[in-house]
Every structure is written in structure tokens, then in C-alpha cells.
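Protein chains in written order, with the working numbering: chain A, 1 to 299; chain B, 1 to 257.
Hint data in this document are derived by calculation from the structure and do not stem from the laboratory.
Quick caveat, the model's predicted, so the values are computed rather than measured.
For glycine and all other residues, C-beta sits at the position ideal for the given N, C-alpha and C.
Just to be clear, a hint being listed does not mean it is correct.
Unchecked claim - Simulated pairs of lysine-lysine, DSSO-like, Cα-Cα distance not exceeding 30 Å:
# : chain 1 : residue 1 : chain 2 : residue 2
1 : A       : K177      : B       : K237
2 : B       : K195      : A       : K177
3 : B       : K87       : B       : K68
4 : A       : K177      : B       : K139
5 : A       : K177      : B       : K68
Said to hold, decoys possible - Computed far set for chain A versus chain B, every beta-carbon distance over 12 Å:
# : residue
6 : M28
7 : G99
8 : L182
9 : S184
What the hints assert, rightly or not - Just so you have them, the derived chain B footprint on chain A, three or more residues with Cβ under 8 Å:
#  : segment
10 : 109-115
11 : 188-194
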Amino acid sequence: MTRKGAVESAMRTVLLCAGLASLLIVAMTGIFILREAMPAFREVGVWRLLSGSEWRPGQELYGLLPMIAGSGLVTLGAVCLGLPIALGCGIFLAETAPGWIRGVVKPSIELLAGIPSVVYGLFGLVVLVPAVRGFDYPGNAGFGLLSASIVLAVMILPTIASVSEVAIRSVPDEYRKGALALGSTRWEMIRTVVLPAARSGILSAVVLGLGRAVGETIAMIMVIGNSVMMPSAMGGPLPGIFLSRARTLTGNIAVEMSYATGLHSSALFATGVVLFVLIMLVNSAARALMARNAGGGRG
Amino acid sequence: MADTVPRLRTAGYNLYYGSFRALRDITIDIPENSITAIIGPSGCGKSTFLRSFNRMNELIPGVTVTGKVLLDGEDIFRADVVALRRKVGMVFQRPNPFPKSIFDNVSYGPRIHGTRDRGVLASIVERSLRDAALWDEVKDDQQKSALALSGGQQQRLCIARALAVEPEVILMDEPASALDPVATMRIEELMQSLKQRYTIVIVTHNMQQAARVSDFTAFMMTDGFRAGNLVEFGATKQIFTTPADSRTEDYISGRFG
Ligand SMILES: Nc1ncnc2c1ncn2[C@@H]1O[C@H](COP(=O)(O)OP(=O)(O)O)[C@@H](O)[C@H]1O
Ligand SMILES: [Mg+2]
């Protein structure tokens with residue numbers, strides 16, 4: 001074998017090992033968490049863990065429903081608030097921004113993505129929580145789903161904006177010319193041709209944002225209130241639910257792990273398993289959408 | 001040409017890409033209800049000139065124009081660009097149907113111009129597809145994706161899409177250059193049937209095609225500064241049999257280009 005050939009095959013082995021190592025790490029993490037969660041799954045039962053609405057470790061009550069609802073609602077809120085703005089950013093950057101504005105806005109969006117989440121938490125604590133406290137509503141203390149949704153919306157904005165910008169940019173120019181030549185205005189062209197053509201790319205942008213939202217921990221702990229309770233509108237109209245305190249799945253683990261022992265500790269690992277599965281679902285949805293995007297070509 | 005009314009007219013028209021002058025001093029009267037072919041060597045400005053009639057050049061940054069372009073005697077640069085493009089449709093070199101159904105492609109124009117009624121849209125779609133000689137092939141399958149059609153069918157779909165907004169003029173930039181001979185023939189037949197009602201301007205680098213389909217021919221060529229000039233314009237028969245300019249004769253007899 002030549003020297004070059006030897007280097008080549010050594011290189012290939014090293015890369016293969018690196019690939020296998022990452023697979024191994026994921027598998028080991030999964031197995032480890034699952035093993036620690038087994039006692040809780042066995043003694044409490046999977047169904048009672050998922051559907052129980054009481055989480056009182058002192059009384060051996062381990063229901064994750066309030067946290068599942070908390071994570072779900074805060075993610076929903078973040079997408080509702082963040083998606084229009086993020087999509088607007090993506091459209092602006094891809095279609096209408098003059099070069100120099102793009103040169104300013106794009107790096108700032110990238111910077112937004114790089115800010116540590118604890119800083120967003122601080123921002124929420126100092127700015128949003130006091131502002132939300134201003135709403136006169138029973139039980140409203142500023143801490144809760146609304147503040148958390150806003151923080152999370154800002155955090156997922158860069159992901160959704162930049163991925164959807166790429167998706168919009170990859171729409172062939174022939175479509176734009178075709179639409180304009182038929183007498184569409186620029187906005188009609190974007191709305192009726194460009195966005196539908198970029199649909200699956202935009203959808204995967206949203207799913208990527210969801211993944212980030214579900215996993216966010218520290219910023220949520222700082223603003224969501226962390227009370228173990230089913231979020232409720234406290235007697236008011238349904239949107240009032242967002243003024244309710246809540247706790248996320250991630251927060252549940254982070255807040256209690258330092259002092260938990262025995263079954264309590266195992267139930268926290270079970271929370272981790274639920275998160276693990278959720279993220280896996282979100283990621284495979286994103287992957288499936290991207291694959292359809294790439295395979296669909298012009299479609 | 002005394003017996004025909006000019007529908008499109010340019011006078012002293014120049015176009016610049018930045019500081020590069022791509023068209024020099026073009027004056028032409030394009031008669032209505034006829035087919036005018038623009039021929040000339042590659043890079044002489046045929047596509048650029050064609051795009052002048054529906055102001056598509058404005059999409060290219062750095063383009064400036066001087067001189068006049070008139071549609072039915074009116075300055076197109078003063079007109080509303082959306083209204084202009086409704087009157088002057090365009091078919092591109094490569095078929096560019098939207099990634100939508102056949103029906104949605106053809107009804108696209110009427111829809112954005114305010115037609116909502118499903119029945120009205122359906123009859124517009126049928127009429128346009130018939131006029132584009134595509135109806136019989138797709139009538140039972142109008143919800144199928146336009147991208148599933150063959151290249152020739154896609155191009156006829158694009159013609160139907162342009163017809164659906166009821167333009168006066170149709171611009172075609174080498175509409176058959178990406179198609180096989182059979183599909184090309186169908187497009188040529190189609191143009192013959194459309195010229196009763198539309199003014200058609202077609203760019204082609206294929207002289208046989210120009211001779212076959214057109215009533216009038218404009219021959220363009222670059223001058224010493226690489227700017228496109230209109231060398232000669234006249235009835236196709238005359239251009240191909242007794243050209244007035246020796247450069248036209250050279251080009252037509254295949255001595256260059
Ligand atoms: N978007 C553009 N930007 C700058 N120059 C261009 C552009 N499009 C065409 N040109 C130039 O203008 C001239 C005419 O081009 P074109 O109209 O495409 O010629 P044709 O269609 O006859 O081949 C060429 O020299 C070409 O390089
Ligand atoms: Mg051309």
C-alpha cells in the first residue's frame with residue numbers, strides 16, 4: 001500500500017470511530033436515563049406518570065401532566081408570538097431588504113442566536129415580569145406563561161428566521177418572474193407563489209424552533225414561576241391561562257434534582273425520558289420535512 | 001406595412017446595464033395581429049429588447065433606459081406596471097409553471113386580478129387550455145401538478161396561463177428552444193392560431209423557425225461597441241429573399257452567427 005493510501009485508510013478509521021462514538025454517547029445517555037427512570041415507571045406506572053395531575057413528592061404522587069401542559073402551552077405561546085415576526089424577518093431578508101439593511105439585520109439575528117439563555121432569563125426577569133405584572137388579573141404576579149412565552153419567542157426567532165430565509169431564497173427565480181409577468185404585485189407574488197413553494201422549508205424551520213423551545217431550561221425557570229399546578233385561567237376568559245404560573249418539564253428536573261432521593265429522583269429521570277422522547281419526535285419530524293424538501297426538488 | 005396599425009412602437013430606445021449600453025437607438029413599429037420575429041446572433045440584445053415591452057428589465061438592478069416605448073400610442077413607462085403586464089403577457093425560454101396544479105396555474109392570473117367565482121375561473125381555465133391546444137390532454141386531470149407534465153406540455157401550459165389574463169400582446173423568448181422537434185412544431189402551430197387575436201413577438205435564434213412562423217422579421221446585431229442595433233425590419237418574405245442590408249444577407253445565408 002502506498003503512503004497516501006495508508007493515510008487515507010487511517011483517516012477513514014478515525015472518522016468512523018468518531019461517528020460510532022457519538023452514536024454510542026447518545027445510546028448510553030438514553031440507556032442510563034432509562035435505567036434510572038425504571039423504578040418510577042415500575043412503581044408509579046407509565047400511564048399514571050403521564051396523566052397524573054398531582055406532583056407531590058412528599059406524598060409519593062408523581063403526575064407529570066402539569067409540566068407537560070406547562071411545556072406545551074409555553075411552546076405554543078412562543079410559536080404564536082414568534083412565528084409571525086420570525087417569518088416576517090425571513091421574508092424581509094430573502095425578498096425585500098436592500099443590501100445594506102440586510103448587512104445589519106442578518107448579523108444581529110445571528111447574534112441573537114448566540115446569546116446564552118440565562119441572559120434572556122435576566123431580560124425577562126427585569127423587563128417582562130414587571131410589565132406583565134401590570135395586567136390586573138386574579139393571581140397574576142408577572143411570573144408565568146406569558147412572560148415565559150415572550151422570552152421563548154425571542155429565543156426561537158433566530159432559528160425560524162434564518163431557516164425560513166434559506167427556504168425562501170431557494171425558491172427558483174423563474175417562479176417570481178412568472179408571477180410578476182402575469183401582473184402580480186411583489187407582495188402578491190410572495191404570498192401566492194414564493195411562500196407556498198417554500199412551505200415545507202418554513203415548516204421545518206418551525207419544527208426546529210419547537211425543538212429549541214421544548215428543551216429550554218434556565219430562562220424558563222427564571223420567569224415562569226415554577227409552581228406545580230395545572231395552568232388555568234383562574235375563572236377568567238380562556239386566554240387568561242397565559243397569566244397562570246406553570247412549570248416546564250425541563251424546569252421540573254432542574255429545580256428538584258439537587259435534593260431528590262429514591263423514587264423522587266427516579267421520577268425526575270422519568271421526566272427526562274419524556275423530554276428525550278418529545279425531542280426525538282420533534283427532530284424526526286424536522287428530518288422528515290427536510291428530506292421531503294430536498295427530494296421534492298422544485299416542488 | 002402601410003395597411004397595418006402599429007401596436008407596439010419604440011423610438012430612439014436605449015438600454016444600459018450599468019454603464020454598458022446593451023441596446024442602441026432602436027426604433028421599430030410592431031404591427032398588431034401578426035407575428036414578429038426578432039432574430040440575430042447570440043448576445044445581440046434580443047431578450048433584453050423583448051423584456052422592454054413588459055418592463056421586466058426593471059427587475060435587474062442597475063438598468064436604465066432612454067427613449068420611448070409605446071403600447072397603443074401610450075408611454076409604457078408612465079403606465080401602471082401591473083396594468084401593463086396584464087396587457088403584455090410573456091412566455092419564457094424555459095417553461096416555468098408554478099409548483100401548483102394545472103388548474104391553479106392557469107387560474108393564477110385571473111385570481112390575482114380579482115376573479116373569485118369558481119365557475120367563472122373554470123370556464124376561463126377551459127378556454128385558455130383549449131386556446132393553448134392543451135385541453136384534450138389535461139381536461140380530466142386538472143388537479144395534477146403542473147410539474148408532472150412533459151416539457152412541451154409545460155410550455156403550452158405557460159402559454160395558457162398567459163392567455164388567461166386576456167393580454168393584447170404576447171412576448172415569447174425562444175419558447176421552443178428547450179423542446180423536442182414535435183413539441184416545437186405544436187408551439188409553432190399554436191402561434192399561427194393565436195395571431196388572429198393577439199400581437200405576438202417572438203425571439204428566436206432559429207432562422208428556419210422565423211421564416212416559418214413570422215409575418216415580420218427584425219434583425220438585430222451588435223455594433224463595434226457591443227451594443228445591440230436594429231439592422232433591418234420588414235416583412236419576413238422580403239427579409240429572407242431580398243434583404244436590404246448586406247449584414248442581414250450574410251447572417252441569413254449563414255456566413256456568420
Ligand atoms: N442581467 C444582465 N446584466 C448585465 N448584462 C446583461 C444582463 N443580461 C444581458 N446582459 C448583456 O446584454 C447583452 C444582450 O444580452 P441578451 O439580451 O441576453 O442577448 P440575446 O438574447 O440576444 O442573446 C449581452 O452582452 C449580455 O451580456
Ligand atoms: Mg436570449
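Okay, the hints, checked on the actual structure:
Between K177(A) and K237(B) the CA atoms are separated by roughly 34 Å; this puts the pair beyond 30 Å, and the hint is violated. For the hint linking K195(B) to K177(A), the alpha-carbon distance of about 24 Å falls within 30 Å, and the restraint holds. A distance of roughly 18 Å separates the Cα atoms of K87(B) and K68(B); the hinted pair therefore holds under the 30 Å criterion. At most 30 Å may separate the alpha-carbon atoms for a hinted pair to count; K177(A) and K139(B) meet this at roughly 27 Å.
Restraint check: the Cα-Cα separation between K177(A) and K68(B) comes to about 23 Å, which is no more than 30 Å; the hinted pair holds. Look at M28(A): its CB is around 44 Å from the nearest CB on chain B, clear of 12 Å, so calling it non-interface holds up. With a closest Cβ-Cβ approach of about 9 Å to chain B, G99(A) is found to fall inside the 12 Å limit, against its non-interface label. Distance check on L182(A): its Cβ comes as close as 4 Å (rounded) to a Cβ of chain B, failing to clear the 12 Å threshold; non-interface status is violated.
Listed as a non-interface residue, S184(A) fails to keep its Cβ farther than 12 Å from every Cβ of chain B; the least gap is roughly 5 Å. With a cut-off of 8 Å between beta carbons, the segment 109-115 of chain A has 0 residues touching chain B; three or more are needed, and the interface restraint is violated. Only when three residues or more bring their CB closer than 8 Å to a CB of chain B does the claim for the segment 188-194 of chain A stand; here the count is 3, and the claim holds.
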